[in-house]
Structures are given as C-alpha cells and as structure tokens.
Amino acid sequence: MSLNESHLSSRIGWTWALFVGLWLWTGCGGEDPSTHERALRQALAGRASATRLSLGQYHSVGVHSDGSVWAWGYNRQGQLGNGLFTDSPTPVKVKNLEDAVAVASGDYHSAALRSDGTVWSWGDNYSGQLGNGTVLASNEPVRAQGLFGVLSVGSGFSHSVALRSDGTVWAWGDNRYKQLGALAATSSTLPVQVAGLSGVIAVAAGGNTSLALRSDGTVWAWGDNRSGQLGDGTVTTRGTPAQVQSLAGVVTISAGASHCVALRSNGTAWTWGLNSTGQLGDGTKINRSYPVQVVLTDVLAAVAGNYHSLAVRVDGAVWAWGDNRYRQLGNGTLTSSTLPIQAGLSGGVTLVAGFKHSLTLRADGTVWSWGDNAFGQLGDGTFLPRMSPVRVGNTTLGNPGVTSGQLHSVYLDAAGNLWSWGDNEEGQLGNGLGADRLLPARMGLTASVAVAAGHRHTVVLKGDTTVWSWGVNTRGEVGDGSNTNRSQPVPVSGLSGISAISAGAYHSLALHNDGTVWGWGFNRYGQLGDGTTVDRNHPVQVTGLAGVTAIAAGHSHSLALRSDGTVWAWGYNFDGQIGSGNNAWHIVPVQVVGLSAMTAITAGGYHSMALRSDGSVWSWGYNGSGQLGNNSTLSQNAPVSVANLSGIVSITAGDYHSLALRSDGTVRAWGFNFDGQIGDGFLENRHVPVMVVGMTGVVAVIAGDHHSMALRSDGTTWAWGANAEGQLGDGTRNDSIIPVKVELF
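In my numbering, the protein residues as written are 152 to 896.
Check before you lean on any hint, since a few could be wrong.
Now the in silico label distances, taken between C-beta atoms and shown as ranges [stated by the list, open to error]:
id	residue 1	residue 2	range
1	G595	T784	41 to 47 Å
2	T597	T435	52 to 58 Å
3	L334	K892	52 to 58 Å
4	L334	I437	30 to 36 Å
5	S349	G682	29 to 35 Å
6	Y277	A598	31 to 37 Å
Cross-link-like lysine-lysine pairs, in silico, DSBU-like; alpha carbons within 35 Å at most [unchecked claim]:
id	residue 1	residue 2
7	K436	K329
8	K892	K436
9	K329	K246
These aren't lab readings, by the way, just hints derived from the structure by calculation. Virtual Cβ for every residue (Gly too), placed ideally from N, Cα, C.
Can you build the whole structure from these sequences, using the hints too?
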C-alpha cells in the first residue's frame, strides 16, 4: 500500500535549497551512489521537497539525489523495477529512470515522479495501477499516459493518485471502492480526473481510500469508508470527495490501510478510521468516523502505516503506536499499543510507515528501519526481523550544504557540524577570533540542519527548530535584540518552530512551520515586510502572508513562494526586482505578476528568479550584467523566461550572476563574470546561460556575491570566482575562472 509521507507539496521541481543532505546506499551493485538529500525540517508544515522514501507491503523505494531510484525487498511482481524478479535485501537501481524527484509505493507496485512532471510506474498491474493503458505487469518503469505537470503522487493498495500543477487530482487503477472518484467502471488503466476538487496542494492514497489537502487547510476524502476512514461521520463509501469533519489548519496528510493521519499547524496529530490495533493513538480500539486527537503534542511529522502510525516530535524523538506484531513500533517488543510510545531512535526528521516495517530519516542524514524483514525490505543486507532500528544498507554521509556571504563561506556537514573560512574581520566566521582563514575550520555549533549567509552575517537553523546567528549586527541582522557584532553564534530572539531560513545582505528571513514569515535586520526599503521602514534587531512577522513554503532574501528585497505556486515580493524595487510590473517600492508583500506553478525561488543582489514545475526558469529585476539570462542587458519589472534552459531542478543567484542545476548534474551560469564566477574559463559577462567547466554529477549549487560553489555526488565541494579573502577554500587567495576543489577536512 502507499505508505509514504504525504507531505504538503512544496511544488516539487526538486528544489535543492542550498543545504539539504542525505547520503544513500554506497556499494550497491558495484556502484557508489553516495549523495545527499536530508529532508530538513521542511517536513514540518508540509515543507518537504518531494517524498524521497516510500514503502510497499514488502519492499522499499528511495530517490537518490542524482535523480536515480533505488529499491529493495520483495520483487516477485517486479516492484523493484530492475528488470528482474529476484528479492534483494540491499538497494538495487531501478532501470531506465532518471531525474526522479519523488516516489510512491502500492502493495506490489511503485511509482516515481520525474522533474519534467511525468509519472513512471512498475510492478503489478492487474487493476491498471501502472496507468499505461494495459493490465500487464512490468519489472521496468513504464509511463503513466496522459499525465503532465504533476507535482506529487501517491499509491494505495492497487490505485494511484496524482496532483497536477493546476490543482486538479487524477487517479487510476482499482476503483471497486470508488477510490478513483465517481466512475461507473470498476477500474481504469489510464488516469482520470477526480471531479469536484480544486485548489489542492497535496494528495495521499490509503488502502482503498484517497485524500486531498486543499490550500485552505481542509482535507477531502473519497473511496472506501467501511471503517470511517473518510472522516465524515458515516461509514458510507462514496466516489465524490467530501470534507473531513471538524478538521482545519492541516499541513500534511497520510493514509494507511483503513485509517488516516493529519498534522495540524499547531503541532497536533489527528486520526480517524480503523482502530482495531490502536493505530489512532487515542488510547482506545474504537473505530472513529471523525478525527480524534493523538495523545501527543509538538509533532513535527506524522504518517500512517497499514495498521500502525509513526510521529516525530520537535525534539527529534520518534514515537509509534498501533500494531506491533511484526516489530514495526521499533521499541524492542512485540506488544501493540493504543497510545504513542517512544521507538528506540532519536534525531528523526521524516518518516515512512509500511505494512509491517518502518523507516526514519534522521537529522544526521542516515536512514534507519525496523520491523518485518522476510523479503529484505529493511535494506540492512539480511532477512532478519528487527525489533529495534537498524541502519539501511551501508549508508555513507556526505556534504549536506554550503553557503557563502560577501567574502566568507560556511559549510554544514552531514553530522550537523559547521565549518567556516574566508574573511573574518568582523567575526563572520563565528569562531570568536578575528583572523581570516584560507582553509575550512570547524565551529563549535552542532546539530545544525540549514545555513544561510548574508554579506557579513550568518544564520543557522538547528534541529530543534531554533535559529542562531553571528557576524556584523549594526542593523540588527543577527536578531538577538542588540546591535552588537557577534563573533560567536547567539540565538535569534523568540524564534522556534522554524522550518527554513534565508539571509539577505543586511536582513534575514525565517519561515515558521505555520506558513508565516518573520524578518529582522535592515529595513530602510521595507524588506522586512512589516509595513514599516524601521530596522528591527529582533524578528517581526511579515504582514499578510500565509501558506508560504519557501523564502528568499536579496540585497534589499525579499521573496516568498506560496503553496498555490504563486510568488510574492516586497522591499527595494528600483530595478524591478519585486516583479510587480512597476518600479514602486513595497513595504508589504505583493504578488509577482504572471507566475504560476512555481516550485522554487531565489533572490540575487538586485534581481530575482523562480523555477517552474516544467523545468523552465523565469527572472526579473536588474540586468546590467545579463543576470536575467534573456540575451539582453535591459532590466525588467516583470518576469521573463531565461533563454535556452530546460530540465532545471535548482536555481540560485549571486549579487550579479545566476546559476542553474540541470537534472543531468551539469551547471549553467550567466551574468557578471569579472571575477570568473561564471566558471566557463573566461572573464566576459554572459547574457545567456553557459556551461560551467568540468562540473558533472552536481547535486547542489550556491552563489556568493562574486563567487560560486557546487556540491558533487562524489562528496566533494568545488568553488570558482573571487578569492581575495580565501572564500574558495582552496588554501590560496587566487581568483579562479574554473572550479577548484575546496579542501575540506
């Protein structure tokens, strides 16, 4: 059955937001697919990128950061997708599939969403659940027909659902319980639209039930309802979506065999449906046809397995309840529980729950599993069941992230440690010293999950959802309530429950798990969005913004991506970087004109960019150096398409240049190139994208003011451009017009 984390989509497109990291599965079939993807705390409030792990009944599937897909466990119906029918206790590569951004698993089939918005499936197909117009099983991926612009996908026992960028929902496969919607047929081998739904931002598929989360925080359900899993107060099966009763403010949804779990923005989890093994977590075994609250607070993520449920609290502790006959609660026993009990694992970030087994992605980038293992679905190289968590495969950690300020750089390793190098005149390396460093040195701050750098200050998100900062603070950019420069990390005042951060030149932004945005620092141009132009040395809420899934801070302007795919901006606008169609400054957010179905945003010094779900890139603002990439040097106050770009999965912008990562692992750059920050071996400005020399296998790109960096899938970090203060980290002060290796550790 579908048993993946049904996160509210942040508009997929594989948005590598500078620092996420998970290294998966080395040594599979002689290959070394080591690369990173930590889902960060964006899992909270549905701000995860795509669903990277999924569990079927007896198999598991994961997305590698190079876009390949790996699977392990039971394979008699070809659900591992490797062209064979042999079970595997270690991950094997799914054939002929690349550019994947998400996966979903049914009982005996799997599906993957590619960055181009297409869906590919493999495995059992007796009800048409592969969506290719046949009922023939396939041990290799086949394309679901007639689907494009897909943002997320989910699978039930034998049906699948997909959310398109226009907010519509499509479904295919088994329809005996009307889980495809109000159709006469008992199944469909091709996707059909579910009638009566719009404004949807996430979907989930349970056993024979389907769910949709709308942008207003309400949940809608249809299909099998014999155990009350539609949450409408009845046990009547229906094909028309109806609202789940008494449930609002929902940010993620998940569906099990016959029960459902929803996470609200206040950190509470709610469940309904079958409760025969206590999977609702309310202390009883009474079925519920309407939502009841799980006896657990401060929940970060919550998911439903077949007959059990899992949650991660904000402290990283993993909790479980329900069926435990197959050790799937991970607490070292075989005793089921009607109330949440702590599994033997901490440091959790994201979860997936299967029929008889469970997986957790930890904040340190490792994947752990427990429960039944008869077919190798735990991925630990054995067929032994596990009462307590074991590590999946031979997991190897790597470089989760790096960021760069004006003249300094900061690196976040997979264990949550920070390393800094470059200019340190005003304490921006955070080591309490004043000397520059030409090579990285480890800082004292630990348990970090994200890092962002402004001109001369740095902001870090820790695993406990608090924010820390250091560096220049004359305008309040450190956010500790003072204007005193800080040469070591200090907590940002009053911030917790944060899921993402961004740093502008002299101001900073934080995304709260309830979808609101907070800012502090320099505010002369209204870049804090609080309706004033008063600097703030502590966080204030951005006015009128809700449902935000991503943020970006430019030199003196700010951007936000909402869950409906629209982009909003505020602050300095002399060059049109707000994208409102005029050049007026805005001290509260306004919508960027002409953009929809956007998946990622980035802000340069005086220009902005957005990535659309079709892999195209759009830009606006100052263009004197060609940083808009439209073969012009004319500034634009409304978005224009970047020339000659396709298949883009990540974007980032420096002061006057831009970078894009393609799904094939190559990098494109354009704009100002006086210091070699384009990386093409020359010093001429580029008005259209050109390829960065020698960069292949790249999984993330970062732009500093006048230098650039890339993380490769082999675990190395590379940099190019200006290096006067050692910000390239190669042990010299020499600029470089081509990438040089950062000498880490």
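To see whether the hints hold, each was checked on the structure:
no. : hint                     : verdict
1   : G595 to T784: 41 to 47 Å : holds, 45 Å
2   : T597 to T435: 52 to 58 Å : violated, 41 Å
3   : L334 to K892: 52 to 58 Å : holds, 57 Å
4   : L334 to I437: 30 to 36 Å : holds, 33 Å
5   : S349 to G682: 29 to 35 Å : holds, 32 Å
6   : Y277 to A598: 31 to 37 Å : violated, 47 Å
7   : K436 to K329             : holds, 27 Å
8   : K892 to K436             : violated, 58 Å
9   : K329 to K246             : holds, 32 Å
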